[in-house]
Amino acid sequence: MDEPSDEPTDGLQPDHAALAVVARHALHDEELIAAFAGGDLEAGPGAERARSLTERCAACRDLSRDVQVLGSLLRAAGTAADVGARMTAPRDFRLTAEDARRLGGPVSAPGLLHRLRASLTGFARPLGASMATLGVVGLLVGSMTLSGVAAPGSLAIDAGATAGAGSELGPVTGAEASQRVVAAGPAATVEGNQEDAGGARSTTLAGDLPFAPLLLAGSLALLLVGLALLLIGLRSRSSGKH
Amino acid sequence: MEDLRATTVSEDPVQRRDLILLGRAREGDLSAFNDLVVCYQDMLFALVVRMVPDRDQASDAVQEAFFSAYRNMAGFRGGSVKSWLSRITINAAMDAQRLKKRRPADPYPELDDDTWQPPAPASADPVTTSLTAERHRVLNTVMAQITHDQRTAIVLYDVEGYDYAEIAEMTRVSVGTVKSRIHRGRLALRSLLLDNMELFRG
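So the protein lines, in turn, are chains A and B. To convert, note that position 93 of the first sequence is 156 in the working numbering; the numbers rise steadily by one, no gaps. To convert, note that position 83 of the second sequence is 77 in the working numbering; the numbers rise steadily by one, no gaps.
Covered stretches of chain A, as calculated for chain B (at least 3 residues, CB under 8 angstroms):
(1) 96 to 107
(2) 125 to 134
(3) 137 to 146
(4) 157 to 166
Bear in mind the hints are in silico, worked out from the structure with no lab data behind them. All figures in this text were calculated on a predicted structure; none of them were measured in a lab. Yeah, the Cβ is synthetic: ideal placement off N, Cα and C, and Gly gets one too.
All chains should be modelled from the sequences, with the hints used to inform the complete structure.
Structure below.
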C-alpha cells in the first residue's frame, strides 16, 4: 500500500493535520520500521516498503531515528566485560569445600571411589541387617533339614500317613520303601527308616536332598556379607560423628 | 582425563590460563576452579544484572551458574572458557527470569546501580557527563520494564554483540523469534521513553 506523504495535510488546521499524520501512521508497520532502523532488513520488498514509509511519514521517520539513537545508546553502555572491569560483584561467588562436595564436581578416580563408598554406606546397614537375618534363617533351616529334625506336628502326620500307606500296600522292597518315603518328605523319611528299612537309610536320604548343603552354603555367605555390610555401615556412621 | 591444553592450543594468554585452571579443576582442584570464579564473577554479574534487574536475584543466578559450571566441567569440550561460562550464566539468568515470571507479585526494586553507565571519557565536560549519566539512568529504568524475553534479546544482541543464531541457540527459540523480540523490545523502549526522547535526541 503506497502511503501518501505528509503533503495531503496541507490546507487543514494544524491540529487536524497532526491528527491526520497520527491516524495514517497508526496503519504503518512499526516493527518493520524498527527492523529497518536496526539494519536487519535485507534488500527486498520489506526494505523498500520501510524506506518508503520513513521517507513519506514523519512519525515513521521519528521512530526510525529514535530506534537508531536507542541502539547506539545501548551499544555505548559497554559489554559485560567492560562493565565488569569497573564494578565489583556484590558477593564472593567462590565455592566452599562443602559446596564442592554437595555438587559432586569432577569425576576423578578417587572422587568416584569416594562417591561409591558414600552411596554404599547409605544403605549398608539396613541391607546388611536384612542379609544377616536371612543368612541365620537359612542356616537354621538348612541344618534342621540336614540333621533330619523337623516340626513335631508334621512329623507325626507324615509318619502316620507313611505307616498307613505301608500297611495298605503290603510288604515292599527296600528300594520301593525308599521312593515312597522320599515322596512323603523328610519327616516321613525318619519314621519310614526306623520302621521299614533300618537306621542306615537316614544318611542315604539326606544325600538325596542336594538343596540342603546349597542352602547352608548360601545362607552362610549371606550371613557373612550381611555382617560385613553391617560393620561398614556402623564404622562409617561412627566416623561421620567425629 | 582429556587434557584440554593439548586439544585446544591457544595463543591468547587469558584463554591459556583459563584452560589450565579448568584442567586442574577437572582433576579435583577446587582452588583452581575458584581462581576462575574470581576472574569472571564481576563480568558475569554485570551480564546478569542487565537481564535480571533485581540484584539479589542476579547474584543468585550467578552463584547458580558457577554451581552448574562446577557440576558440568566434564562437559566442557574446548574452546573459550569465558564463552562457556557466559552461556551457562545466561541460562541461569533466564531460569531466574522464568522464576520471576511465576512470582509476579515480587516487583523489581528501584534500580540505582550504574551497570548501564558507560565510562565517562577523561576529556568529557561536566555537562556532557551529566547528560550521559541521566540518559543511562532513564534507559536503566525502562529496560527493567520491558518483558524479560525482549530484555534478554536486546542485551545479548545490542550490548553483548552476539548474533541472531547464537541468541536463538542460547534462548532455544527460532532466529525469527529472536529478531521479533529485539524489534518489539526496541519499540517498547521507545514507547516507554516517548516523553523523554528529547533527552536522547539532542
